[in-house]
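Q: We have chain A; now place chain B onto it with these hints.
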Amino acid sequence: MTVKRKWLMAGGLFLLVLIGLLGWVVGGQGTPFGLYFGRDSTWHAMEKRSVWRVGVDPSFPPFEWLDETTGKPIGFDVALAGRLAETWDMQVEIVPIGFDSLLDALRANKIDSVLSAYPYDPRLTRDFAFSQPYFDAGLQLAVRPGSPIHAPADLGGKRVAVEWGSAGDMVGRRLQREGIDVALAPFETPDLALNALFVDNSIDALLVDNVTLRQAQASGRPVVAIGEPLESVPYVVVMPTRARELQQRVHDGLVHLTESGALRTLEETWFARRD
Amino acid sequence: MKLSHGRSNIRWNWCARWGAPWIVEYFPWAYVEGQPGQFDWSHSDQVIDMAQRQGLSVVARLGFVPEWARPKDTSPLYLDEERFADFGRYAAEFARRYAGKVDHIIIWNEPNLALEWGYTKPDPVKYTALLRTVYTMIKAANPDVQVLAGALAPTLAPPGSESGENDLTFLQAMYDAGAAPYFDTLAIHAYGWHFDPDDPAHPDVVNFRRTELLRDIMVRNGDGDKQAMITEGGWNDHPRWTRAVRPGTRIAYTIRAYEIAQDEWPWLDAVSLWAFRYPWDQNSYQDYFTFVRTDFEPKPIFEEVKRYTQGHGS
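Note that the protein sequences, when read in sequence, are chains A and B.
Using the numbering used here, you'd call the opening residue of the first sequence number 795 and step up by one each time.
Using the numbering used here, you'd call the opening residue of the second sequence number 572 and step up by one each time.
Calculated from the structure, these hints are not laboratory results.
This one's a predicted model, so the numbers in the text were calculated from it and none came from an experiment.
It cannot be assumed that every hint is accurate.
Claimed, not checked - Partial pick of chain A residues on the chain B-facing surface, computed with a CB cut under 7 Å:
no.	residue
1	Glu-887
2	Trp-958
3	Gly-959
Stated by the list, open to error - 25 Å max Cα-Cα, derived DMTMM-like pairs, lysine to aspartate or glutamate:
no.	chain 1	residue 1	chain 2	residue 2
4	A	Lys-952	B	Glu-835
5	B	Lys-877	A	Asp-975
6	B	Lys-877	A	Glu-982
7	A	Lys-952	A	Glu-972
8	B	Lys-692	A	Asp-898
9	B	Lys-692	A	Asp-894
10	A	Lys-952	B	Glu-868
11	B	Lys-877	A	Glu-972
12	B	Lys-797	B	Glu-835
13	A	Lys-842	A	Glu-862
Ideal Cβ placement from N, Cα and C applies to all residues, glycine included.
If we strip away everything but chain A, and leave its shape as in the complex, we get:
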């Protein structure tokens, strides 16, 4: 074999190895090479298949549930995932998974993200990346329009409806311990507590979760939230920590949907009562 031929063979072999490595890097997910080059293998895999795989536990209306006719997951989160993917020119694949297994599925790369009324968990920030909140399901003080109540401090001498045993009940009792002379009117469900605000003039305010409140508002009931949630439960999109590109895209998408009013419209569409 001539020296020239040997060089040609070595060069060809080098090129083959190089092409193989490039294929590995482009096609692989979470490979050492992907990490080395600081690239987002999740996003690249999504681009390759033009699909964003989103884990959802379809058992929590109005965020996600199974459509009785089609058997497919629908709801606010499903629609939100669709709107985000639309801006990336991708399709959404909704992957139904039990709530307690959502993060395991993300860890095992069975899905690209979790978007399922998932509360922010500060203990898991080393393992997962969380988006900014797209909804706060926390506890809200609410009143009828024109009420003289503008803050919890104004509740002295007032009567407040709560669901018995709920977070609203807990915060009401906390206000009493703090010296505010508020009377709590307990009801069996949040809906009954909410309804009391409209049918019983002796009820001055309501301590209720923001989902119930937003559902009432979206259904046209005259009820106003006072201030920020007294107990915050922010819902976020969960993503792999390495998926920087995806995280940025989700962030930008949520900002855009919020600023354009589209997120509010989605909320009103899905939170309006269907019963």
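A: Quick look at chain B alone, frame taken from chain A:
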């Protein structure tokens, strides 16, 4: 995770103010005997002394195998038969050290679940062998202590399941394996899921009165003179867990459960429900089993049970 001195003190103070006479507390073997024969009782001493000062009776749950007593890469809930005597030595040392302070000891937790049995298939014969070894050693160290067995997870696992064995069949299999002489009291886990505490017991249902089915098995096996204790149980009010109830329903069911135990079950010594407090948020349905939050803020169920224990009812 060991609790700090201050946190234990706060916890027991709250329990006493609540009107709770009993507490069930976990004393992991691995925390005390990190090296064979070298016992560090400092944390256990603090916990038990503080509970005593608050007038609380401690039911001590023992388990959690140190690394030196199990094969490499096994779970701390795995224990080989040849190590039963090592666990027995720890349990006996515990019983001797806290004689007069701790009168009840539970051997292991939920051995009918693979998760709690070192990720191996639950085995009532092996659990009975564990009881035989440990009971004998505990009694030699402190004949007055009551040894509790069982603490079985209520489960409808089908026959042959790798993940667990039905608690009713497991208890019968324990008796078949000769467990009766090796425990003094049956520890029962009585979860209500979403059922009313007054719903009748049925072998195909996990509800509060499943307790009666375990009691029936005791009686059928000639153990009717023994007492039982509920060492775990209760309801959950998570907004989306399928086995949860609304918070108000949880309060009503919990208080009714205390009434049933008090009025109808003379063979039951105590009802200790899961759980007073977690040291940190689990961010799952588990958080909705507790009576106070991680920051000790009382949930309404805490206040309502306190009212009940103080005789005001709800």
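Q: Decide, hint by hint, whether the structure agrees.
A: Against the structure, the hints:
Because the closest C-beta pair between A:Glu-887 and chain B is about 23 Å apart, greater than 7 Å, the hint is violated. Given the 7 Å rule on beta carbons, the hint for A:Trp-958 holds: about 4 Å separates it from the nearest Cβ of chain B. Taken as an interface hint, A:Gly-959 checks out: its beta carbon lies about 3 Å from the nearest beta carbon of chain B, inside 7 Å. For the given pair, A:Lys-952 sits about 42 Å from B:Glu-835 by alpha-carbon distance, which is inconsistent with the 25 Å threshold.
Of the supplied pair hints, the one linking B:Lys-877 and A:Asp-975 holds, its CA atoms being roughly 22 Å apart against a limit of 25 Å. For a cut-off of 25 Å, the pair hint linking B:Lys-877 to A:Glu-982 stands: about 20 Å separates their Cα positions. With a C-alpha separation of about 15 Å, the suggested pair A:Lys-952 and A:Glu-972 falls inside the 25 Å cut-off, and the hint holds. Using a Cα cut-off of 25 Å, the hinted pair B:Lys-692 and A:Asp-898 holds, with the two alpha carbons roughly 23 Å apart.
At most 25 Å may separate the alpha-carbon atoms for a hinted pair to count; B:Lys-692 and A:Asp-894 meet this at roughly 23 Å. For the hint pairing A:Lys-952 with B:Glu-868, the CA-to-CA distance comes to about 23 Å; that is within 25 Å, so the pair holds. Under the criterion of a C-alpha separation no larger than 25 Å, the hint pairing B:Lys-877 with A:Glu-972 is consistent with the structure, at around 20 Å. Between the alpha carbons of B:Lys-797 and B:Glu-835 the distance comes to roughly 16 Å, so the proposed pair stays at or under 25 Å and holds.
Restraint check for A:Lys-842 and A:Glu-862: the C-alpha separation of about 33 Å exceeds 25 Å, so the hint is violated.
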